[in-house]
Structures are given as C-alpha cells and as structure tokens.
Amino acid sequence: MPTSASSNADGQVRPKSNRPEVPMATAKNWLREMMLIREFELRCMQAYQDKKIGGFCHVYIGQEAVAVGTIAATEARDPIVTAYRDHGHALARGMDPKHCMAEMYGRIGGCAKGKGGSMHMFDRDNNLFGGHGIVGAQIPLGVGLAFATKYEDEVINADKNGGKSNRVTLAFLGDGALNQGSVHEAMNLAGLFDLPVIIICENNGYSMGTSIVRGTTMGHQISVKSEAYGMEGVEIDGMDVIETYWAMKELVDKVRATSRPIFVDMRCYRFKGHSMSDPRKYRTREEEERYEQGDPIGVLKAHLELRGLTEDDHKEIQREVRATVKASMDWAENSPTPPTSDLYRDVYRERWGPYTGTSEPEMLGGAEIECKFNAIDTTIDRKADLL
Amino acid sequence: MSIATMREIEFRDAVREAMSEEMRRDMRVMLMGEEVAQYNGAYKVSRGMLDEFGPRRVIDTPISESGFAGMAIGAAMMGLRPIVEFMSWSFSLVAADPILNNAPKMLYMSGGQFGCPIVFRGNDGAGGQLGSTHSWSVEGLFSNVPGIKMVIPSNPYDAKGLMKTAIRDDDPVFFLESERLLSMRGEVPEEEYLIPFGQARIARAGTDCTIVAFGRMVNIALEVGIELEKEGISCEVLDMRTIRPLDAGSIIRSVKRTGACVVVDQSWSFGSPGSEVAALVHRECFDDLDNYVHRVHSADVPAPYAHNLEQEYLPNARRIAEAVRSCLYRS
Ligand SMILES: Cc1ncc(C[n+]2csc(CCOP(=O)(O)OP(=O)(O)O)c2C)c(N)n1
Ligand SMILES: [Mg+2]
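Residue numbers (our numbering), protein chains in the order written: chain S, 1 to 387; chain F, 1001 to 1331.
Be a bit skeptical, because a hint or two may be false.
To be verified - Below, in silico cross-link-like pairs of lysine-lysine (BS3-like), each with a Cα-Cα straight-line distance of 30 angstroms or less: (1) S/K98 to S/K28; (2) S/K326 to S/K315; (3) S/K51 to F/K1044; (4) S/K281 to F/K1044; (5) S/K249 to S/K164; (6) F/K1044 to S/K52; (7) F/K1044 to S/K272.
These are computed hints drawn from the structure, not numbers from a lab.
With the hints as extra help, turn the sequences into a complete structure.
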C-alpha cells in the first residue's frame, strides 16, 4: 500500500522533509483557519453548556488539520460532503462563522435557516452538500455528487472542455462509519463507474466509545477494504496540515486527471468526547496526552516559528479569531428565531402547504421567492416539464 | 401487590430490569447493539448488564444496523431470542429490509415453519432538537406492516411489564422508548409482573371526551386533562400501550360513553395509528359521536431543528386542548 506519511498511530508526529515549501502567507492562513475552528468549537461547547445550542453537538477539536489541509487541496467548485462532525468543514470551506453559529442557535440567520442544526450544515454557494446525521449516509451521496460532476462534464458538456471530467468530490466519513453497508456499496459503485471521488476516512480511532480495533476488522490497515473495490488506498497524517495538504494535493490532481476514486485513511485524533455528554472512560488520559503533544495547531505553529512567525503574530491571530467568533455569537444571538410559518416552508420545491386532511395539500400564501437550488441549473428541464 | 414492595425507579431502569430478569430466566435471551456493553448503553439503559452477563450475552456491535439486525433475525430463526437495541429508531431505517422484509414475514413465508422471536428496541420520537434525520416517530411507518407487534409505553411500570411480555412473545416486537421519558421516575413493584399486549389502560377517567394517546403523548394528554377540568371539561385519557395489537374494544367502549374522541399520535397524520383509530371510531361509534374524530399529530413536515419550530411541530398541550374544545364545540 502506498504510504504518503509515516503513521502517527503511536501519537508521534514526525516532520516530513521532502515536500516543497508552502508560501508563508498560505501557511499562516491555514494557522488562522485552524485557530478559528478551534476557537469556534470551544465557544460552541460553552454555548451548549449555556443551552444556547440544543440537540447533539460534535466538536472537531484535534482534527482541524484534516478539514483545512484537505479542502485547501481542492478548488471551490469541487463538491464536499461530510458527516455530523461538520463545523470544521463548513468553516474551512468558507462558510461565514456567523451563519454556522446562527444555525446552531436555531435562528433564521443560520446556513439552513435553523432547520438543520449542528449536524446538518449546508452551504450551496460553497459547494458543501451537508452535514449528515446518519452514520455512513453521506458516502453514497458523495459518490452521487461525483457521478453528477462527471455526467455534467462528460455528457451534458461533451462539446466543452474536451468533454472530460474535471471536478473532484471529497466525501468524509468517520472510522466507525466504515462498518456501514451503504459505505461499501458506494465504494463498489465508485470503483465500478470510475467516479472522481476521494473518500476520506477521518480515522480518529474511536466511534463513540468503541475503539477501531474493537469494531472493525483489519482496523490497523483499513485501506485494504477500499482496495477490494478497485480503489487505491492511501494513508495520510492528518495531524500535520502541511503534510495533509501535500498528500491530498497529489491525490486531488490524480483524481482530476484520471477520474478514478481513491480512499484515504486519514490518521487523526478527537481531543474531546464524542459529543457533549461523553466522559471518555474508554480511553486513558495518558493516551490523550500523547496525542495532545502532537496538537495540529501546535505542530503548524512550531513549523511557522522556524520560518519567522513571532509570538506577537500568533497573539494577533488569536485576537482576530476570538473577535470573529465572538461576533458570530452576537450575530446569532441577535438573529430572530424562525417564524412559525417557516415550519411549512421548503417541504416541497413548489410552495405546497401541509396536508390538512382534504384531498389536496394547500398552497401557501405569499409571494414566490426566487431561490437557488441544486448545483446543476435545472431551469431548462423544469420548463420542459411544464410544456 | 403489596405497597411495601413498591419503589421508585427510572424508565431506563425499568427496561433494564425486564431485560435482566428475562436473561436470568432464559439463556436464549441476549442483548446486542451499538455501545450496549462496555459503554453501558448510549442512554445507560443497559448499565451493568455486561458485568452480570458477560460479553457473550451483552454484545457491542459495530455501526452496522442492517448487518446486526439481520444477524439477530437469523439467530431468532434458529431459536435464540435476541433483543436488538437501536440507539435510536431513526437509525433502524438503515436496517429497513431485515426488520420489515425478513422478521415480520418469516413465519408466513415459511408456512409456519420459522418464527422470529425477537425484540427491537430504542428511542423513538422528536423533542430533543436532533433535526430531521434523528427525530423519527417510526410508529407511523412501521405499524403499517402485518406480522409485527408494536409497544409504546408511557411510564416505567408499563415499560417493565410490557418489555417482559415482549421478550417472551414468539413474534417480532418493535418496542418504542422515548429519550424524553428515560429519566421519568415511577413506582414499580419488586415482584415480577407481566402486562399483556392489546390492553389499554384508562390513565384518567372522564365523561366528556375520550383522548386516545400513545407513549409519551399520554403524559401530555394527562396534563391537558387537568387543565381542561378547570374549564369544566372532563377528559378520559386512554393509554393504548400497544399499537399492534390495538385495543379497539377499550376505545369503542370509552367513546360510546363520552360521545367524543380526540387522538394524539406523535407520528405524521397521513396513514398513521391516529388515522387508524379515527377510521375505527367512525365505523364503530358512528351513531354515538357528536363530532368527527379530531386528530393531533406532528406537523406534516420533516422535524425542524430550531427549538421554537420543534415545539410547534410536536403535538403539544395547547394543540391538544384546542382539539378537545373544538371537538366539543367549546372553542
Ligand atoms: C445509522 C446510525 N447509527 C448510529 C448513529 C449514532 N452515532 C452517531 S455518531 C456515532 C459514532 C461514529 O463514529 P465515527 O464514524 O468514527 O465518527 P466520529 O464520531 O469519530 O467522527 C454513532 C454510533 C447514527 N448517527 N447513525
Ligand atoms: Mg471516529
């Protein structure tokens, strides 16, 4: 199996040497993004305690390098889909923290108008296709996103751009999700149809209280699973954003060129509990400390210090992200709760109302609001339907 | 039953006691599901069971609902009596084929040769702001399927007695718990007891309007009963306990007395236990009714996340009271 990085299974992050240097400004921006996610998640935990956020809330602390490093390797038009631990992906994809926070507050200003919550972040403009709460469910969807980009590039636009598939989908899942049947069916389909998708398993070692070896065969080398579906399997260090980026860049370029799916065993660690109510009795404090030594933010900061980042620079970034997150909370707080009439909005694309026991649903009143939906413009198809 | 043996326990303890007692009694009974053993259950329903019964009988599974539900059904065909925990019934949809296409049809399809003595259990219903994917009230969907039995207790006492019956039952039983009720405390005797399926309980006696309710909704209907008493409206609240079999007799007898019927069912209205009760009452009590059967359901939309929307989405005391008043021409 090709290994792009030395494993960090022992909690050690080793510096990688033979990669080109990332421009200082870019690397500094990654540090800022990772620190933004960290600050955002810490404030979410607080807001959850304060009952500003309801439902389930899964924070991304410890895994920031994964979202930032992988998404940096994509282009804005490349679709992304992930599971419920999704705040980091949303922010790394460019969602305004205000919209992310307001979603968690259940306010109309949220990215899904307060309908989705923490586990269901959607951002059409940034090609983020969710946030999905059902373990594994997003992987067939991700394969479908790749099917659609390939179809659009090669079939609909056969006469443009040489009719060649040119987008890459990133579909994220956890290590526990690897045991869902739908994930395996999806990998077979991706392999079978040559779909341009990278399935990234954020292998943080645990699904709730179950360590990977307790729940998964071949848990020490999960990429063998994808190989059986004709997908190359690659192991990447997800605790070192620079390494994550370069390894992913290689894969993204490859998939863009070949339209063949790839599976990534992304080694990482979740620093906090599974959700807000997890005392973490299934692992030792020593193990946690070992991984905390390799904190991806600390690793990048140390790297940048070698390249001239000063403590003042760092403090400045910290001040900036703190202000951004604080502003997002204020904004969320001030955003109104959704009007009750919103309960019935967006059930159907047409503005049908609820079933009221009569033979037909009722039309909702009010003006038709023009809104964008889906990624491929279906206006033409809809007109054709009406003819 | 003597008062001295009563103690207050939580709903989750009641369910666990039932499972543990049956596992002590019958080696064929075992429990499997995600996080049920070492983690003591995601909602601590199975707390301590691994210690007592060991890992061969209290089994942690991977997140593979379709796989382990199917596996348990196969084991039931061989004669084991598995209890399968879905962390939430919302996740059972991943296992729709085995639980709907295999378990309830095995006996019929095999001409009576292979039964399926299995219990599927887990949290059902919305109310915790978990959003659309995690807020299913599966009774609407699954009660449509012949061959299953469906239990929906509203309190610890019933939960224990019904769970014991479920485990001893020779057919597949879908046992719907509510996360909102797991910490509810109630009196449960130390002695063994079983509650038969298909026997509703009159949770509150009344004369003006029958409120037929399922599971957690019973408790809200009871609050409404107290509220409406102040307006001089006397509600009879029926706790149905099981949806399949449905205790039609109790509903009919009550409605014939009161002449009015409101159904409270947390699933969606279209093709639901609520619509089934309404059809039944319209047919059997046609001449006794002063108004059509009023129904209170979750709004006909996917469950929203925002707190205010979710409160409006669910059947709540206000909507139930309005339905009762409207049914009695008091609004
Ligand atoms: C089908 C389904 N089953 C169970 C759950 C409950 N659940 C939510 S997250 C989770 C653990 C998933 O672990 P993993 O895939 O490793 O992701 P991580 O939480 O580590 O990011 C479980 C069991 C669910 N959401 N969906
Ligand atoms: Mg995990």
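Sort out whether S/K52 lies within 30 angstroms of F/K1044, counting only the CA atoms.
holds, 25 angstroms
Is it true that the CA of S/K249 sits at most 30 angstroms from the CA of S/K164?
Distance ~20 angstroms between S/K249 and S/K164 Cα, so the pair holds.
Taking 30 angstroms as the top limit, are the C-alpha atoms of S/K98 and S/K28 close enough?
holds, 22 angstroms
Given the hinted pair F/K1044 and S/K272, is their alpha-carbon gap at most 30 angstroms?
holds, 20 angstroms
Can the restraint linking S/K51 and F/K1044 be considered satisfied, given a maximum Cα separation of 30 angstroms?
holds, 22 angstroms
Given the hinted pair S/K281 and F/K1044, is their alpha-carbon gap at most 30 angstroms?
Holds - the C-alpha atoms of F/K1044 and S/K281 are around 14 angstroms apart, at most 30 angstroms.
Are the Cα atoms of S/K326 and S/K315 separated by 30 angstroms or less?
holds, 16 angstroms
Every hint from the earlier list agrees with this structure, and none is contradicted.
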